[in-house]
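S.K.: One-letter residues, chain by chain:
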Amino acid sequence: DTGVSQDPRHKITKRGQNVTFRCDPISEHNRLYWYRQTLGQGPEFLTYFQNEAQLEKSRLLSDRFSAERPKGSFSTLEIQRTEQGDSAMYLCASSPPVSNTEAFFGQGTRLTVV
Amino acid sequence: AQSVTQLDSQVPVFEEAPVELRCNYSSSVSVYLFWYVQYPNQGLQLLLKYLSGSTLVKGINGFEAEFNKSQTSFHLRKPSVHISDTAEYFCAVSLYNQGGKLIFGQGTELSVKP
Numbered sequence: 152d153t154g155v156s157q158d159p160r161h162k163i164t165k166r167g168q169n170v171t172f173r174c175d176p177i178s179e180h181n182r183l184y185w186y187r188q189t190l191g192q193g194p195e196f197l198t199y200f201q202n203e204a205q206l207e208k209s210r211l212l213s214d215r216f217s218a219e220r221p222k223g224s225f226s227t228l229e230i231q232r233t234e235q236g237d238s239a240m241y242l243c244a245s246s247p248p249v250s251n252t253e254a255f256f257g258q259g260t261r262l263t264v265v
Numbered sequence: 172a173q174s175v176t177q178l179d180s181q182v183p184v185f186e187e188a189p190v191e192l193r194c195n196y197s198s199s200v201s202v203y204l205f206w207y208v209q210y211p212n213q214g215l216q217l218l219l220k221y222l223s224g225s226t227l228v229k230g231i232n233g234f235e236a237e238f239n240k241s242q243t244s245f246h247l248r249k250p251s252v253h254i255s256d257t258a259e260y261f262c263a264v265s266l267y268n269q270g271g272k273l274i275f276g277q278g279t280e281l282s283v284k285p
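Those protein sequence lines, which keep their order, are chains A and X.
Per the working numbering, the very first residue in the first sequence carries number 152; after that it's consecutive.
Per the working numbering, the very first residue in the second sequence carries number 172; after that it's consecutive.
Isolated chain A (complex conformation) (with noise of 0.2 Å):
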């Protein structure tokens, strides 16, 4: 296995163009998180999946972002209509059903918008 994949690495786009992201967990891991971390700070919870059902939802997550998780097994993010402030890197991470195991991060997805 090759651990939580994530694409694309880095991603430019100009304001008030769509964006979409996709995470790949490891295989068997029934737990996708969502997090978005700007420059200097810690990353932040955006979103969490179980199987396919999307069970939390940030108030981060302005009705500009969706993900989905439609089979249970890889996600996307989308953003519509792109801000500047929306640049920041997303991590998507897995984790198994045990709920006291660490989450397995992906390398991130880094979104600058100009």
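Note that these hints are calculated values from the structure, not bench results.
Since this is a predicted model, take the numbers as computed values, not measurements.
Glycine residues also receive a C-beta, built at the ideal position from the N, C-alpha and C atoms.
You may find that some hints are simply not true.
[To be verified] Between beta-carbon pairs, the in silico distance windows are:
{"#": "1", "chain 1": "X", "residue 1": "G270", "chain 2": "A", "residue 2": "Q168", "range": "30 to 40 Å"}
{"#": "2", "chain 1": "X", "residue 1": "P183", "chain 2": "A", "residue 2": "S217", "range": "41 to 51 Å"}
{"#": "3", "chain 1": "A", "residue 1": "Q168", "chain 2": "X", "residue 2": "Q216", "range": "30 to 40 Å"}
{"#": "4", "chain 1": "X", "residue 1": "S282", "chain 2": "A", "residue 2": "H161", "range": "18 to 28 Å"}
[Claimed, not checked] Just some of the chain X residues that point at chain A, by a computed CB distance under 10 Å:
{"#": "5", "residue": "V175"}
{"#": "6", "residue": "Y203"}
{"#": "7", "residue": "L215"}
{"#": "8", "residue": "A263"}
{"#": "9", "residue": "I274"}
Fit chain X to the given chain A structure using the hints.
M.R.: Frame of chain A; chain X shown alone:
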């Protein structure tokens, strides 16, 4: 609500010196505690975790941390640092009943100088 405070944003230290990175948390319920390390433009890698049992936890790369319930602290220590330990370090908590969602501190930048 839960929160994590890392008391030092930057810690410069000379190679082979000891180091302590401080972390305090606030929670009205029991938590699991974690330290993650992040190298530039990379995701997060788990250093160590406290779930229960012995309050002294040993992790990878020679790091250890001690859980102090009365002081709600989880400080990270290493007796002798290397240049390769230069990175950002994040303390995090998760709640027993919240699916493994992590709440991170702001991070501490450890800079090891020769």
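S.K.: What hint numbers does the structure not satisfy?
M.R.: Hint check: nothing fails, all pass.
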